[in-house]
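**Student:** This is what each chain is made of:
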Amino acid sequence: MSHHYPALLVTVPLLCALFISIAGWLKRRLCFPIAVAALSVATTVSMGLLWRVLKEGVVLYRLGGWEPPWGIAYRVDHLNALVLTVIAVVALLNLIATQREVKEAFSEKIGAFYTLYILLVTGLFGIVVTGDAFNLYVLLEITSLTSYGLIAMGEDRAPLASLNYVYMGTIGACFYLLGIGYLYMVTGSLNMTDIASILPGLHHSRVLVVAFIICMVGVWLKMAFFPLHAWLPNAYTYAPAPVTSLIAPLMTKVMIYVMIRLLLTVFTPQFIFSILTLKTTVVYLSVIAIVMGAVLALGARNVKKMLTYVIVAEVGYMVGGAWLGNRAGLTGAILHIANDALMTLCIFLAVGNVMYKVKGYGFDDFRGMFTRMPFTMMGFTAGALSIIGVPPTCGFFSKWYLISGGIEAGHYGFVAALIFSSLVNTVLFFKIIEIGYYPNGNVHHGEPAPLRAMGEAPLSMVVPLLIVAAGLFGVGLYTGDIVTYVINPIIPAAIVH
Amino acid sequence: METVLSIKPLLAVLIPLLVVPILVSSRTPNVREAWTFVAAIVKLSIVISMIPAVLSGRELVCTVAQVIPGVPIAFRVDALGMLFALVAASLWMVTSAYSIGYMRGLKEHSQTRYFSFFAIALSATMGVAFSENLLTLYLFYEMLSLATFPLVTHHQDAKARTSGRKYLAYILGTSIGLVLPAMILCYHLSGTLTFSDQGFLAGTGSSPLMTVLLFMFVFGFAKAAIIPFHGWLPAAMVAPTPVSALLHAVAVVKVGVFSIVRVLTGMFGIDLLASLNLGIMVCVIASCTILTASLIALSQDNLKRLLAFSTIGQLSYIILGVGLLSPKGITGGVLHIAMHAFGKITLFFCAGAIFVATGKRNISEMVGIGKRMPVTMTAFFIGALSITGLPPAGGFLSKWYLVLGTLQADQLAVLVVLLVSSLLNAAYFMPIVYRAFFCPAEKAMFENRVREAPAFCVVPLVLTALISIILLFYPEPFFSLACMAAQRFTGG
Chain A
6 MSHHYPALLV
16 TVPLLCALFI
26 SIAGWLKRRL
36 CFPIAVAALS
46 VATTVSMGLL
56 WRVLKEGVVL
66 YRLGGWEPPW
76 GIAYRVDHLN
86 ALVLTVIAVV
96 ALLNLIATQR
106 EVKEAFSEKI
116 GAFYTLYILL
126 VTGLFGIVVT
136 GDAFNLYVLL
146 EITSLTSYGL
156 IAMGEDRAPL
166 ASLNYVYMGT
176 IGACFYLLGI
186 GYLYMVTGSL
196 NMTDIASILP
206 GLHHSRVLVV
216 AFIICMVGVW
226 LKMAFFPLHA
236 WLPNAYTYAP
246 APVTSLIAPL
256 MTKVMIYVMI
266 RLLLTVFTPQ
276 FIFSILTLKT
286 TVVYLSVIAI
296 VMGAVLALGA
306 RNVKKMLTYV
316 IVAEVGYMVG
326 GAWLGNRAGL
336 TGAILHIAND
346 ALMTLCIFLA
356 VGNVMYKVKG
366 YGFDDFRGMF
376 TRMPFTMMGF
386 TAGALSIIGV
396 PPTCGFFSKW
406 YLISGGIEAG
416 HYGFVAALIF
426 SSLVNTVLFF
436 KIIEIGYYPN
446 GNVHHGEPAP
456 LRAMGEAPLS
466 MVVPLLIVAA
476 GLFGVGLYTG
486 DIVTYVINPI
496 IPAAIVH
Chain B
18 METVLSIKPL
28 LAVLIPLLVV
38 PILVSSRTPN
48 VREAWTFVAA
58 IVKLSIVISM
68 IPAVLSGREL
78 VCTVAQVIPG
88 VPIAFRVDAL
98 GMLFALVAAS
108 LWMVTSAYSI
118 GYMRGLKEHS
128 QTRYFSFFAI
138 ALSATMGVAF
148 SENLLTLYLF
158 YEMLSLATFP
168 LVTHHQDAKA
178 RTSGRKYLAY
188 ILGTSIGLVL
198 PAMILCYHLS
208 GTLTFSDQGF
218 LAGTGSSPLM
228 TVLLFMFVFG
238 FAKAAIIPFH
248 GWLPAAMVAP
258 TPVSALLHAV
268 AVVKVGVFSI
278 VRVLTGMFGI
288 DLLASLNLGI
298 MVCVIASCTI
308 LTASLIALSQ
318 DNLKRLLAFS
328 TIGQLSYIIL
338 GVGLLSPKGI
348 TGGVLHIAMH
358 AFGKITLFFC
368 AGAIFVATGK
378 RNISEMVGIG
388 KRMPVTMTAF
398 FIGALSITGL
408 PPAGGFLSKW
418 YLVLGTLQAD
428 QLAVLVVLLV
438 SSLLNAAYFM
448 PIVYRAFFCP
458 AEKAMFENRV
468 REAPAFCVVP
478 LVLTALISII
488 LLFYPEPFFS
498 LACMAAQRFT
508 GG
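These protein sequence lines are chains A and B, in that order. Using the numbering used here, the first residue of the first sequence is number 6, and each one after it goes up by one. Using the numbering used here, the first residue of the second sequence is number 18, and each one after it goes up by one.
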């Protein structure tokens, strides 16, 4: 059984999605349990895979027994195993945390909602688990199409935002496909490791450079790398809260994974960092992304919009870290995939809880929230501290590696951008924490504060949030082990420093 | 030097944290305060139980988590850390008693929040004192910044809001903007962040780089309130007085100074500072702060603001002592952590007691108050003597060593700074005491009847005033610890 883990990861949720849509017609109550079952299996399997990879090294799986490069191969190394686990855990926790909200908001469309939800996660699993560049494109489209649907289920402006996303997302996916097409022209292969073994002879081919750049632009568009980010803020702001807290932690991070996979496995670091002379340029682009993300976040008029710009800045962190081309930078970028997924989930779950109670996400809706929803705000504060980068939360440690990468590469612009962004994040989050801390009206010295009824969100929403919040500290304290056992083996030995 | 594996430092850090859920869920205020005392007593006894080992030259170590290669989250108890921890732990207990009198006397709101964050702040202070490396220190430094925010803004009014913003802007801005990059740069240069007695940065970088790093650290630890990064301290005086007393005269500000002392001695090392002439630079920065702050203090009418500026000046004494790079100077500086703590907390307690009993904050409204509150004002006098550095109070001892240190280091200019500053200290404190006791009856603003603050306020301040005096005659174990620390750092 454990031999089939990589395939199970995709097939189980895929079949369950089908069952959910049938259950949506026959017995709506069953939709949620099936979804939970699907993701629980996926979580177990992904953890099993991570365990196996840690013990035995790379796991190869041939779909239908076809030999690569003709058949589709699934190839799981430390990098995918880590990202798979993150996806499974985040998707499962979010599923449980948002059950109440989904039930109340989409009672009619519950079957459709969970079908799309599970299909989206299936697509993400597929993107990460596959070792085939074209197969990746197919699964990318599955994720994109389902996410367009999910986002469009949101408030008034959501369909328009989703349409905008459809245009940009399609262009991005096409670019990626075009790049893979060029690559196929020169190598005649679609299997990632196979391409990598053919490429060294072609390092000075113009087609290869074009293929690489087109692929990258496609991936950057999908991950909302500034200035290709324009679709993201509206799409994530107007999407329903349960969707935002699924997509925001996962979509951009999975695309970062795709980028790192292309850099490390397909095109190989030797080609990208030694032959191409793009390294410094891309890091500067990421500096612009970080600074602009931070500045735009400062100007945002509501909490969700603000957080979406924080995501834009975080994408800049990871792109920059990966393109520094040294060990510390790559470690930071990969670590940040996991950390950022967790902290984004944490913060969006907290915002979701507040939205559930006050039906709004303006800054003023947070007034007096520390008294009203203390546990939710504890979760919010934990997420905020992690995004700011306060030790011992995990956000601090990925930032540590990113900054050391910048110092090692002598790229002080990147270091300055990271510090700047941390300072701006402090302002952004303490603005909300301050609003939440002060009650309505002034408390007069010596008088008891006006009594406010505590109105915490239901337990099913608070407990997952607090689990994630505790996870931020736990992952932070285990950074050493994660880096030693999971991330170090990912980075090719060729990158010494 | 022998190291012993021990869980005690970890316990000392965790106990105040563990008691927080109990505080929050306590049913009545009395139960809650009882638990605060239990935690304070347990913590103090743990700290005291570590003294013999430290005095006999052993170091207690404890590693919590391996987070970055070569830089774990770990604790180590040495003489310097021990001295600071002992001061903070013993004063926490006194302050807890005082808090009860003050907070209940004024019927403050949200007392549970107040006591909970107080406990967290003390946990962070212990963490800083026992840090084995800069990363651990930074972790607890940030924790302290965040835990004190709800304390500073306790009143939750418009004034608290502005002060809270200022507080965070200064403290978090400098620690993220200056200390964090400096720390990573140091790690990049030397591959370690573990404090060692002689420092580890020697030979890792050029002289200009070291100078830049030094500035980043000295100004980055803004809790030390070195001018121009002092603005948060007078602003933070909007906090309830026990907070100002323990946190803004002892824990928070001393954490800033302690961090700078640790970085100077444990990372740069005395030899490196001497060879690059960086000691002089530190002395100049500290001297400017001392004189400026004392002059500003002269013009203050609000008693707590005056104390704040006095604190800013006194903190730099400690940095000055270490900047002298001589064994006596370091002894004096380190000893001043303890002496100033007991003296200044007495003064803050007095300011709070006056406020509780009469509602007065300004010095101009305190004429003749000695007749009304003789015990409080006598304690105030003793505290003022200690800060000025006059016998029979403990402050004399640390100032004596600082003066000896200037002679040992052959820095006569610094000696002049110290003497001028002492005169200024006397100039801003003594008129208060004089007018409190010796004013003509027609000018007195209070009726001639003794009415002190509640006992919970008065007993702690009498206690700290007595300790201030006792410390001159029997300064143990602070004196031995300070000497040990100085000996270690100078390699003598």
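Hints were generated in silico from the structure; no laboratory data involved. Please note that the accuracy of each hint is not assured.
The list that follows gives simulated cross-link-like pairs (lysine-lysine, PhoX-like), each with its CA atoms no further than 25 Å apart [as the list claims (entries may be wrong)]:
#1 A:436 <-> B:183
#2 B:460 <-> A:436
#3 B:460 <-> B:377
#4 A:284 <-> A:114
**Student:** Taking only the CA atoms, is the gap from residue 436 of chain A to residue 183 of chain B under or equal to 25 Å?
**Tutor:** It holds: about 13 Å lies between the C-alpha atoms, which stays within 25 Å.
**Student:** Given the proposed pairing of residue 460 of chain B with residue 377 of chain B, does the C-alpha separation stay at or below 25 Å?
**Tutor:** 16 Å, holds
**Student:** Check whether the Cα positions of residue 284 of chain A and residue 114 of chain A lie no farther apart than 25 Å.
**Tutor:** Cα-Cα ~47 Å, so violated.
**Student:** Between residue 460 of chain B and residue 436 of chain A, does the CA-CA distance stay at or below 25 Å?
**Tutor:** 48 Å, violated
Hint compliance for this structure: hints 2, 4 are broken, all remaining hints hold.
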